[in-house]
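Colleague: Chain by chain, the residues run as shown.
2 protein chains.
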Amino acid sequence: MKEEQTNIRKLIIASTSTVHGGSYLSYILPRLQTFFAHTDEIVFIPYARPGGITHDAYTEIAAKGLASIGKKVVGLHRFPDPIRAIQNAKAVFTGGGNTFLLVKELYENGIMEPLKTAISGGLSYFGTSAGANITGVSMQTTNDMPIVYPPSFDTLGAVSFNINPHYLDPDTQSTHMGETREKRIAEFHKLNPQAVVGLREGSWLFVSGKSIILEGDLSARIFEQGKEAYELAGGSQLSFLEYAD
Amino acid sequence: MKEEQTNIRKLIIASTSTVHGGSYLSYILPRLQTFFAHTDEIVFIPYARPGGITHDAYTEIAAKGLASIGKKVVGLHRFPDPIRAIQNAKAVFTGGGNTFLLVKELYENGIMEPLKTAISGGLSYFGTSAGANITGVSMQTTNDMPIVYPPSFDTLGAVSFNINPHYLDPDTQSTHMGETREKRIAEFHKLNPQAVVGLREGSWLFVSGKSIILEGDLSARIFEQGKEAYELAGGSQLSFLEYAD
Chain A
0 MKEEQTNIRK LIIASTSTVH GGSYLSYILP RLQTFFAHTD EIVFIPYARP
50 GGITHDAYTE IAAKGLASIG KKVVGLHRFP DPIRAIQNAK AVFTGGGNTF
100 LLVKELYENG IMEPLKTAIS GGLSYFGTSA GANITGVSMQ TTNDMPIVYP
150 PSFDTLGAVS FNINPHYLDP DTQSTHMGET REKRIAEFHK LNPQAVVGLR
200 EGSWLFVSGK SIILEGDLSA RIFEQGKEAY ELAGGSQLSF LEYAD
Chain B
0 MKEEQTNIRK LIIASTSTVH GGSYLSYILP RLQTFFAHTD EIVFIPYARP
50 GGITHDAYTE IAAKGLASIG KKVVGLHRFP DPIRAIQNAK AVFTGGGNTF
100 LLVKELYENG IMEPLKTAIS GGLSYFGTSA GANITGVSMQ TTNDMPIVYP
150 PSFDTLGAVS FNINPHYLDP DTQSTHMGET REKRIAEFHK LNPQAVVGLR
200 EGSWLFVSGK SIILEGDLSA RIFEQGKEAY ELAGGSQLSF LEYAD
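Protein chains in written order, with numbering that gives the first Met the number 0: chain A, 0 to 244; chain B, 0 to 244.
Quick caveat, the hints were computed from the structure, so don't treat them as lab data.
Incorrect hints may appear among the rest.
Repeated chains share a single entry, so a pair holds when one copy, or any two copies, can fit it.
Keeping only pairs whose Cα atoms sit at most 30 Å apart, straight-line, the calculated DSS-like set for lysine-lysine is [what the hints assert, rightly or not]: (1) K71 - K226; (2) K182 - K103; (3) K103 - K189; (4) K226 - K89; (5) K63 - K189; (6) K103 - K226; (7) K226 - K189.
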């Protein structure tokens, strides 16, 4: 993203839609009330279809979640011209589900580029899980299963690092021999340079122009190529990751 | 795979190279001694590069593992003509690591088709983890991170279902909101028809012609589109999955 575009971007990039014991979006609704204060209508991108539910059913869930803060939610699939809908939107929310499916649909519906352009033009963007993952340079640090083949792994690049949502610490009691999340990200860094932000459930990044603040009570785990992974506390400024070597 | 080809295939499709508390391949060496009795030399495909190690370093690990049963292991990357090496091989072992990387390298080195042809011609094939995953119709039930973009997700189709290696039961104590393995496979089945065999660590499939036996002490979890997932005990015949609707 070019510097003049970075100046006006506004995003909330959240690890999850739901924290354990909470209802859909409940933990983050007070924050969204401020974030979406400028508009009553939010365009919802339902393409990631968790559990394979329909676009309508998923939009209904999002609408119920955001009704309590007085927002009207309209599914992108309901617009006759979805590209124009993105161009005209004042706010967009992309829900979680399967990242491969989300990215495939964004490309096939011609939404990836218009969405990128709209975000760099100041559109307020909120994404959870898969919807958070796609704000990074690529979807290559998703945790999802490749249930469909997208035309590319490149995503919005609204921040110049990658996101690992639902970040999970290694289970030190486990006898399972599959790779831990940290090992997977280390393998990613053997072949890809960008930093990765491991966002724990209940954390989010608030991006406003050049500033990127880690919000929520938890720390995030930061992975930079060629360095040991490390923790950053809630409230930290993460903008330095955009200019990391 | 055509019926006359199915008649002479010979594979061991193993969930993992290493079980908890064991050394590399130790749990399966007695079985491999019989399986590889016809040859002293095994061609090793090191493309999946676990942890990003080099092809040479990975081949060295495989060579040490198989030395105790008197086998010589040669890395495919060491042959001047790897396609001919596959065509001339009496036995092939594909090690685990990252499935996306493995599949990309198989395509880019022109190995996928020759390997498929060799297996249907009676080549003895042994694969662990990612090397097991690719024996299925597609790599789409891998657990790995998409650290590189392969030209296709289609794989060997040496069996007409998919493999989920390192199959892991849901942790009923977990407060984590990410999808369980079973939920991920259910999402796969919303969009793909083939059955999925969830192979627990320490299990393998022995494929000999039309017969497919689950070996090892553990049960496997079977996922068929439109059915509840179910268990099959060690010793079960799984060939019926190839003709499932």
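Colleague: If any of the earlier hints don't hold here, list their numbers in rising order.
Modeller: Per hint list: 1 and 4 violated.
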